[in-house]
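S.K.: Below, each chain spelled out in residue letters.
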Amino acid sequence: MKRGQTLDPRASVLRLATGVESSLTDTGLLRLRAAPIKPWGPLRALAWLLRVPRRAEVELDAIGTWVIAQMDGRSLNQLAADLGQHLKLSRREAETALADFTSMLVKRHLVDVVALKPLDPPAEPVRDPAPRPRTSLSPQTTSP
Amino acid sequence: MTRVDVPNLLAWQGCLHDLPPGWEPVGMYGSWRKGQVIIAEDRRPRVAIAWERRAMTPVLERTANTVAKAHRRAVGASQVSPPEPCGPDGVVVRLVGGPTEIAIGVRRVAQAQATIVYRQLSPGPMVEFRRLIMATTAVADDEAATWSIHGLRVDLPPYWRTEGIQVLAGFVRGVWFHYPHGKQRVDSVLILRRYACASHLLAGRDLVTWLTSQAEKQEVTTVHDTTATSAHLTLTGPGRTWWRRLRRRPQVRHLYAWVDSESDRLTVQETTGDGEPLAGLRPRVGSPRCAFLSTQEATGMP
Numbered sequence: 001m002k003r004g005q006t007l008d009p010r011a012s013v014l015r016l017a018t019g020v021e022s023s024l025t026d027t028g029l030l031r032l033r034a035a036p037i038k039p040w041g042p043l044r045a046l047a048w049l050l051r052v053p054r055r056a057e058v059e060l061d062a063i064g065t066w067v068i069a070q071m072d073g074r075s076l077n078q079l080a081a082d083l084g085q086h087l088k089l090s091r092r093e094a095e096t097a098l099a100d101f102t103s104m105l106v107k108r109h110l111v112d113v114v115a116l117k118p119l120d121p122p123a124e125p126v127r128d129p130a131p132r133p134r135t136s137l138s139p140q141t142t143s144p
Numbered sequence: 001m002t003r004v005d006v007p008n009l010l011a012w013q014g015c016l017h018d019l020p021p022g023w024e025p026v027g028m029y030g031s032w033r034k035g036q037v038i039i040a041e042d043r044r045p046r047v048a049i050a051w052e053r054r055a056m057t058p059v060l061e062r063t064a065n066t067v068a069k070a071h072r073r074a075v076g077a078s079q080v081s082p083p084e085p086c087g088p089d090g091v092v093v094r095l096v097g098g099p100t101e102i103a104i105g106v107r108r109v110a111q112a113q114a115t116i117v118y119r120q121l122s123p124g125p126m127v128e129f130r131r132l133i134m135a136t137t138a139v140a141d142d143e144a145a146t147w148s149i150h151g152l153r154v155d156l157p158p159y160w161r162t163e164g165i166q167v168l169a170g171f172v173r174g175v176w177f178h179y180p181h182g183k184q185r186v187d188s189v190l191i192l193r194r195y196a197c198a199s200h201l202l203a204g205r206d207l208v209t210w211l212t213s214q215a216e217k218q219e220v221t222t223v224h225d226t227t228a229t230s231a232h233l234t235l236t237g238p239g240r241t242w243w244r245r246l247r248r249r250p251q252v253r254h255l256y257a258w259v260d261s262e263s264d265r266l267t268v269q270e271t272t273g274d275g276e277p278l279a280g281l282r283p284r285v286g287s288p289r290c291a292f293l294s295t296q297e298a299t300g301m302p
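If you're matching them up, the sequences are chains R and U in order. Residue numbers 1 to 144, in the numbering used here, belong to the letters of the first sequence in order. Residue numbers 1 to 302, in the numbering used here, belong to the letters of the second sequence in order.
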């Protein structure tokens with residue numbers, strides 16, 4: 001499985017992808033339409049033959065509509081916190097739910113995750129610089 | 001967002017642990033007889049708790065040293081400290097001389113014939129670790145057990161054993177089988193489901209309507225009791241197999257459901273099978289600790 005870029009949730013924001021059109025339904029729910037797909041060459045004929053939809057279109061439920069409405073530049077971390085407060089979820093539940101929701105929208109090219117700053121490199125494990133003295137409590141260690 | 005600062009109880013496979021606030025299980029393996037649970041705080045692994053129920057009483061110091069030596073190389077420690085007592089039936093050893101200091105504890109709960117091994121996964125205060133070891137209780141095979149994990153909390157009679165738990169965002173489902181008198185044959189099944197966002201799920205409907213909408217077409221609903229936040233009903237349908245249908249043995253599902261308005265959670269309890277159906281397992285209102293202590297006192301009373 002291909003893994004994407006690791007992002008810092010404290011410094012990443014969600015925003016609608018370029019070309020995505022949003023509209024409200026009669027019941028107040030949000031409908032997102034991605035930019036049209038333009039296949040090239042023989043793929044165009046294949047897409048016509050297989051009746052591949054020209055664009056992705058999804059209608060969100062009330063919770064999804066609420067999440068999209070909160071995408072005003074706040075970080076993913078803050079968005080998860082707000083979602084947890086809104087739905088009375090624990091922090092882990094809110095983070096998991098938001099991650100699943102985001103990945104589904106990203107897969108359909110409806111939402112982009114934008115990193116405001118790169119993730120800090122992982123810290124090197126602390127190594128003991130000086131060789132440790134051997135003691136009688138470690139009889140299995142033998143000198144070469 | 002609410003942070004759970006009330007006593008954080010983890011009751012799983014007959015062992016009950018009083019975890020520090022913010023700690024939660026992130027991995028569970030094994031069964032009633034033998035298994036392990038991994039505890040983490042946020043994204044930081046904290047402790048691994050393994051248990052085994054055997055009649056033979058182990059030598060605690062030897063067990064602790066064996067576990068310590070098995071993990072000494074991974075931790076990078078050069079020495080294992082001498083065993084220190086931890087309560088009347090436990091010992092603690094420490095892996096020292098490495099970049100980090102890790103503690104390992106062993107406790108024998110004689111009443112339950114259970115040996116429990118605690119292993120720190122990241123350095124932490126010893127006072128907290130010792131408190132975790134000493135606060136653990138366990139029940140024997142033929143005793144009633146408390147189960148409390150991921151928001152599910154029930155007190156079950158003896159010989160109910162879990163078959164699995166599914167944890168998703170906003171949804172927890174646990175399945176228990178009843179083995180009468182510890183025998184192999186299962187006579188009842190209990191399924192507990194706990195949903196978040198109960199108000200969104202119900203969408204203005206009452207509990208009976210919502211439960212009935214999920215019943216199969218051939219099932220007949222009998223409502224026994226219903227209030228604004230709870231319901232009890234029975235769904236009766238044709239037997240699952242042709243042999244049961246030939247003998248005119250219907251499939252009966254007993255459903256209890258209740259809504260916790262404060263946390264906006266909906267819990268559905270479903271029992272089925274030939275055994276005695278369980279009554280509603282809705283926990284009493286009050287702190288979990290008080291409920292647990294009353295249960296513990298009740299087991300020893302005549």
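The set of hints was computed from the structure by calculation and includes no laboratory data. In this text, all values refer to a predicted model and were calculated from it rather than measured experimentally. Ideal Cβ placement from N, Cα and C applies to all residues, glycine included. There's no promise every hint is true.
From the structure, some residues in chain U lie toward chain R, with a derived Cβ separation under 10 Å [said to hold, decoys possible]:
(1) Tyr-29
(2) Tyr-159
(3) Ile-165
(4) Ala-169
(5) His-200
(6) Glu-270
S.K.: Would you pick out the hints that fail for this structure and give their numbers low to high?
M.R.: Going through the list in order, the structure violates hints 1, 2, 3 and 6 and respects the others.
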